[in-house]
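Sequences are here, hints too, so could you generate the full structure?
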Amino acid sequence: MRLLLALFALCLVATGACAEDLVSGLSQDQIQITSNYAGTDIVVFGAIESPETSQAEAPRDVVVVVRGPDADFAVRRKARVAGIWINRDKISLYGMPAYYYVASTRPLAKIAADSTLSQYQIGVSNLRPKGESTRSPRKGEPFRLAAIRLRERQKLYTDAPAGVEFLGYSLFRVRVPVPASVATGEYAVQVYLFRDGNVVSAQTTPLFVDQIGLERRLFRFAHGRPFWYGLATVAMAILLGWGSSFLFRRQA
Amino acid sequence: MEIYLPIAEMSVHWLVLLGMGAAVGFLSGMFGVGGGFLLTPLLIFYGVPAEVAVATTASHLTASSMSGAVAQWRRRVIDFKMAGVMLAGGLAGTVLGVQLFALLRRVGQADIVISAGYVILLGSVGGLMLNESLRTLRAAKAATPGAAAERHNWIHGLPLKMRFRTSRLYISVIPPIVLGLIVGILSSILGVGGGFVIVPAMIYLLRMPTSVVVGTSLVQIVFVTAMTTILHAASDFSVDIVLALFLILGGVIGAQYGVRIAARMKGEMLRLLLAVLVLAVGARLLYGLVITPRELYTVAVGTP
Numbered sequence: 000m001r002l003l004l005a006l007f008a009l010c011l012v013a014t015g016a017c018a019e020d021l022v023s024g025l026s027q028d029q030i031q032i033t034s035n036y037a038g039t040d041i042v043v044f045g046a047i048e049s050p051e052t053s054q055a056e057a058p059r060d061v062v063v064v065v066r067g068p069d070a071d072f073a074v075r076r077k078a079r080v081a082g083i084w085i086n087r088d089k090i091s092l093y094g095m096p097a098y099y100y101v102a103s104t105r106p107l108a109k110i111a112a113d114s115t116l117s118q119y120q121i122g123v124s125n126l127r128p129k130g131e132s133t134r135s136p137r138k139g140e141p142f143r144l145a146a147i148r149l150r151e152r153q154k155l156y157t158d159a160p161a162g163v164e165f166l167g168y169s170l171f172r173v174r175v176p177v178p179a180s181v182a183t184g185e186y187a188v189q190v191y192l193f194r195d196g197n198v199v200s201a202q203t204t205p206l207f208v209d210q211i212g213l214e215r216r217l218f219r220f221a222h223g224r225p226f227w228y229g230l231a232t233v234a235m236a237i238l239l240g241w242g243s244s245f246l247f248r249r250q251a
Numbered sequence: 000m001e002i003y004l005p006i007a008e009m010s011v012h013w014l015v016l017l018g019m020g021a022a023v024g025f026l027s028g029m030f031g032v033g034g035g036f037l038l039t040p041l042l043i044f045y046g047v048p049a050e051v052a053v054a055t056t057a058s059h060l061t062a063s064s065m066s067g068a069v070a071q072w073r074r075r076v077i078d079f080k081m082a083g084v085m086l087a088g089g090l091a092g093t094v095l096g097v098q099l100f101a102l103l104r105r106v107g108q109a110d111i112v113i114s115a116g117y118v119i120l121l122g123s124v125g126g127l128m129l130n131e132s133l134r135t136l137r138a139a140k141a142a143t144p145g146a147a148a149e150r151h152n153w154i155h156g157l158p159l160k161m162r163f164r165t166s167r168l169y170i171s172v173i174p175p176i177v178l179g180l181i182v183g184i185l186s187s188i189l190g191v192g193g194g195f196v197i198v199p200a201m202i203y204l205l206r207m208p209t210s211v212v213v214g215t216s217l218v219q220i221v222f223v224t225a226m227t228t229i230l231h232a233a234s235d236f237s238v239d240i241v242l243a244l245f246l247i248l249g250g251v252i253g254a255q256y257g258v259r260i261a262a263r264m265k266g267e268m269l270r271l272l273l274a275v276l277v278l279a280v281g282a283r284l285l286y287g288l289v290i291t292p293r294e295l296y297t298v299a300v301g302t303p
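Protein chains in written order, with numbering that gives the first Met the number 0: chain H, 0 to 251; chain X, 0 to 303.
Hints were generated in silico from the structure; no laboratory data involved.
Among the hints, a few may not be true.
No more than 25 Å apart at the CA atoms, straight line, and that leaves these computed lysine to aspartate or glutamate pairs for DMTMM-like [what the hints assert, rightly or not]: (1) K77(H) / E294(X); (2) K154(H) / E1(X); (3) K109(H) / E151(H); (4) K89(H) / D71(H); (5) K89(H) / E294(X); (6) K138(H) / D88(H); (7) K77(H) / D235(X); (8) K154(H) / E8(X).
Listed next, the stretches of chain X that the computed footprint assigns to chain H, with coverage defined by at least 3 CB atoms under 8 Å from CB atoms of chain H [stated by the list, open to error]: (9) 5 to 13; (10) 233 to 244.
In this text, all values refer to a predicted model and were calculated from it rather than measured experimentally.
Glycine residues also receive a C-beta, built at the ideal position from the N, C-alpha and C atoms.
As structure tokens, this is what we get:
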């Protein structure tokens with residue numbers, strides 16, 4: 000709430016700069032996910048400043064995109080070979096976002112034309128890799144769609160057509176859920192203001208996502224010093240096994 | 000309370016993990032087996048990635064076989080020399096298996112090979128056990144003493160002979176080494192201890208006294224599964240220490256109850272039950288390989 004007021008104050012002071020414009024902010028510019036529960040939320044706040052224009056004018060829409068760091072996907076398709084389903088074809092998609100969330104005031108199709116949305120990579124179905132391991136787009140398309148479908152199922156890609164919540168006429172808020180399995184790194188929070196199907200204003204804010212907690216430390220241990228991690232696991236197993244044999248003896 | 004498994008990358012309630020460990024521990028205590036062949040498929044059915052299931056089960060087996068080995072060691076029924084010779088093959092097999100596993104993972108066929116390997120292994124072992132236990136049950140009814148035909152053993156013709164005092168044997172080191180090698184590969188690819196392969200082989204092939212077989216195989220399994228765990232951790236980061244901890248804790252509790260139940264049941268009955276269980280798990284895995292999957296595509300992140 001304090002943040003909302005701060006935003007409000009900012010716009011009242013700097014009305015000139017904000018006219019017909021957009022201000023936005025995040026609840027935090029660096030989030031630390033403790034991974035021992037289902038995930039966390041980040042909140043994107045913002046305000047549209049257009050005091051002179053009347054409310055009945057052309058429809059305005061806000062679209063908020065949270066885009067994770069780029070990742071490479073290896074997408075495989077199963078096929079039946081001698082009665083058994085095995086992985087057959089593989090296509091790599093280079094530079095897909097590891098995480099993608101888009102919230103809007105209305106369904107995206109009603110806000111702007113496909114070509115506009117595609118140009119800004121707005122909308123889950125408009126996500127395209129920066130490169131592919133195949134030259135033929137026709138061959139790659141089903142793999143791209145499958146990757147998007149699977150990421151959506153894991154809640155790592157999300158379309159939230161009514162995710163932008165207006166608090167009054169000019170203030171808006173978006174709650175972005177971040178699952179525990181999210182990638183760490185630099186995210187980009189992009190806020191777009193649409194009028195008549197065109198982007199009239201846009202703003203990008205970086206967001207750093209870091210995971211903390213014991214589980215994250217273990218993950219780093221496993222990847223940073225894998226041999227010692229393996230040794231530690233074995234030591235734990237041997238000690239517990241040894242200990243349990245004492246338990247057995249005492250009861251026998 | 001939900002617990003996040005850092006390597007499997009999933010949130011699971013800790014009671015579910017403890018319960019799975021306890022269920023497998025119970026069965027392994029009851030039947031006197033390591034339980035790897037039950038735990039790995041169970042984890043896969045639950046949604047744990049196959050490679051994490053295999054590698055983490057190995058560490059669970061280190062703990063359970065350690066517990067058993069200590070108990071056998073107190074009774075002084077371990078042939079350490081034989082265990083050492085088998086380990087020479089076992090460690091080599093582990094190195095080979097982990098490399099093969101990494102290759103399978105790179106080409107995206109690890110899941111399928113694990114499932115198919117289990118179907119073959121469980122199908123043949125379960126079939127043999129079912130056949131055997133049905134025969135003994137029938138034989139017990141007919142009250143005819145089953146006379147095992149004493150065949151001449153080709154093992155004695157092999158070179159590189161060595162004396163094993165505890166087992167009172169003078170045999171070639173080749174069969175134990177080969178046996179170890181097979182178990183090492185099985186352990187690293189399928190996440191099984193391989194007790195159900197080496198125990199019969201030690202009795203029928205090497206002709207070791209039954210009293211030392213269990214302890215000796217347990218010592219060998221401790222080292223092979225420990226090696227499997229370390230190599231998997233180092234080569235493909237697939238060991239989940241949090242998952243391992245809960246499975247081991249559950250296993251320790253479950254095994255005690257299993258042993259108690261087993262004491263009240265008839266041996267043949269137990270073996271029949273185990274055979275049915277093994278075949279059921281195998282059939283479920285086969286079903287998974289044959290039916291048309293709901294989703295034909297999979298995505299692996301960061302491995303282009």
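Each hint, compared with the structure:
{"no.": "1", "hint": "K77(H) / E294(X)", "result": "holds (9 Å)"}
{"no.": "2", "hint": "K154(H) / E1(X)", "result": "holds (18 Å)"}
{"no.": "3", "hint": "K109(H) / E151(H)", "result": "holds (21 Å)"}
{"no.": "4", "hint": "K89(H) / D71(H)", "result": "holds (13 Å)"}
{"no.": "5", "hint": "K89(H) / E294(X)", "result": "holds (15 Å)"}
{"no.": "6", "hint": "K138(H) / D88(H)", "result": "holds (10 Å)"}
{"no.": "7", "hint": "K77(H) / D235(X)", "result": "holds (23 Å)"}
{"no.": "8", "hint": "K154(H) / E8(X)", "result": "holds (14 Å)"}
{"no.": "9", "hint": "5 to 13", "result": "holds (count 5)"}
{"no.": "10", "hint": "233 to 244", "result": "holds (count 8)"}
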